[in-house]
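Student: With the hints in hand, could you dock these two chains into one complex?
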Amino acid sequence: GAGVSQSPSNKVTEKGKDVELRCDPISGHTALYWYRQRLGQGLEFLIYFQGNSAPDKSGLPSDRFSAERTGESVSTLTIQRTQQEDSAVYLCASSLQGLGYTFGSGTRLTVV
Amino acid sequence: GENVEQHPSTLSVQEGDSAVIKCTYSDSASNYFPWYKQELGKGPQLIIDIRSNVGEKKDQRIAVTLNKTAKHFSLHITETQPEDSAVYFCAASTGGFKTIFGAGTRLFVKA
Numbered sequence: 004g005a006g007v008s009q010s011p012s013n014k015v016t017e018k019g020k021d022v023e024l025r026c027d028p029i030s031g032h033t034a035l036y037w038y039r040q041r042l043g044q045g046l047e048f049l050i051y052f053q054g055n056s057a058p059d060k061s062g063l064p065s066d067r068f069s070a071e072r073t074g075e076s077v078s079t080l081t082i083q084r085t086q087q088e089d090s091a092v093y094l095c096a097s098s099l100q101g102l103g104y105t106f107g108s109g110t111r112l113t114v115v
Numbered sequence: 004g005e006n007v008e009q010h011p012s013t014l015s016v017q018e019g020d021s022a023v024i025k026c027t028y029s030d031s032a033s034n035y036f037p038w039y040k041q042e043l044g045k046g047p048q049l050i051i052d053i054r055s056n057v058g059e060k061k062d063q064r065i066a067v068t069l070n071k072t073a074k075h076f077s078l079h080i081t082e083t084q085p086e087d088s089a090v091y092f093c094a095a096s097t098g099g100f101k102t103i104f105g106a107g108t109r110l111f112v113k114a
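Chains as they are written, first to last, in the working numbering: chain R, 4 to 115; chain E, 4 to 114.
Wrong hints could be hidden among the right ones.
[As the list claims (entries may be wrong)] Capping the alpha-carbon separation at 25 angstroms, the derived lysine-lysine pairs in BS3-like fashion look like this:
1) R:Lys14 to E:Lys74
2) E:Lys40 to E:Lys113
3) E:Lys40 to E:Lys74
4) R:Lys60 to E:Lys101
5) E:Lys25 to E:Lys45
6) E:Lys25 to E:Lys101
Just so you know, the hints here were simulated from the structure itself, not pulled from any lab data.
So that you can see chain E by itself, here it is in the shape it has in the complex (with noise of 0.2 angstroms):
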């Protein structure tokens, strides 16, 4: 069946170090890529996302990138900061309407 696998599960970076996290699908329809961070106690929230028909998207400090053919997408977050500290989901969608979310990451910015 569908399937999200996110790497790593835990990353723990100094601050204003960069940060990458790794995602990969395994539905070649997928077409939508969402990211989401999710705060104590909060709900996640979308911070960025990827359509199949472009290769790299970037706002300010968090930037996308896609690879189709090897079916894996990536964030990177540049000079990391204390708040970015949080859960990060990656997703895939077909453009329906069921969206799988990868298993999360947990970063730590320490100060």
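Chain R with its partners taken away, still in its complex shape (with noise of 0.2 angstroms):
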């Protein structure tokens, strides 16, 4: 597509619950993102993805958090027994050879 899509837009979970956010970045992006955006606060980095192989995981936050890509394309975080601190905004983001992001527009993720 023409954009970087991600769903669901909105989601709201009880604590202790799974979830699966999931992002479609532009097609031929070989380098795929995720951070999280607390209220008012900058980017935090997640996960990072070269084709479908993550060589660096060293922002998942808790091993409650894990993600996957397939076909160089489709990518889903996954976050375990969700607890309240989870409550963000999840942005993945895709570039071509790793420069400038195209982000999507974001999951918010509420933990009530």
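Tutor: Encoded structure:
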């Protein structure tokens, strides 16, 4: 597609439930990134993919967070046993050769 | 470790005035410096970028300058308009696949 698509745009979940966030990058973009943005804050790096592999998982906050990418395309970020501190906007971006990023509009996750 | 510092955190200007946001980076191997604008409820959008072999780049009302010796770069917005109100992020990259972002500057343009 023309841009990076994320779904759902909003997600409200109960504490302790698992959630899956989806990112469809721009076709042909080899690099894909996940960031977390808390209200009024900056961009917190979570993970990036080069193709289907994840050379850098250093930003994942805990083992409750995991991500995968298949077909050098769609990526899914999974948060298990959600906690209230997981509430944030989760942003996905893709890029060609790691330069300028194209971001999606994000998924706003609220854990109640 | 790698770090990008951005100042100010908040900037308020009158419509028509200029706005300047400054960033410093720590990794001397950085060679690509993009700037992003984030409007409310949206993801950041790339608005301008500069590479290390260039000292200045302009695109209409926005310009970016780079001083590699001092390891700092700046965003200049002239003739500001209310629609320029947003959060701006600077970033630095060594050309690999990891980009370090600044903490952001919230710009308010008062009509």
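Student: Each hint: holds or not?
Tutor: Each hint, compared with the structure:
A threshold of 25 angstroms between alpha carbons decides the hint, and for Lys14 of chain R with Lys74 of chain E the separation of about 41 angstroms lies outside it, so the pair is violated. Distance check on the hinted pair: Lys40 of chain E and Lys113 of chain E sit about 18 angstroms apart at the alpha-carbon level, within 25 angstroms; holds. A C-alpha spacing of about 22 angstroms is found between Lys40 of chain E and Lys74 of chain E, which places the hinted pair at or below 25 angstroms, so the restraint holds. About 11 angstroms separates the Cα atoms of Lys60 of chain R and Lys101 of chain E, which keeps this hinted pair within 25 angstroms; it holds.
With a CA separation close to 23 angstroms, the supplied pair Lys25 of chain E and Lys45 of chain E stays within the 25 angstroms bound. Proposed proximity of Lys25 of chain E and Lys101 of chain E is supported: the alpha carbons are some 21 angstroms apart, at most 25 angstroms.
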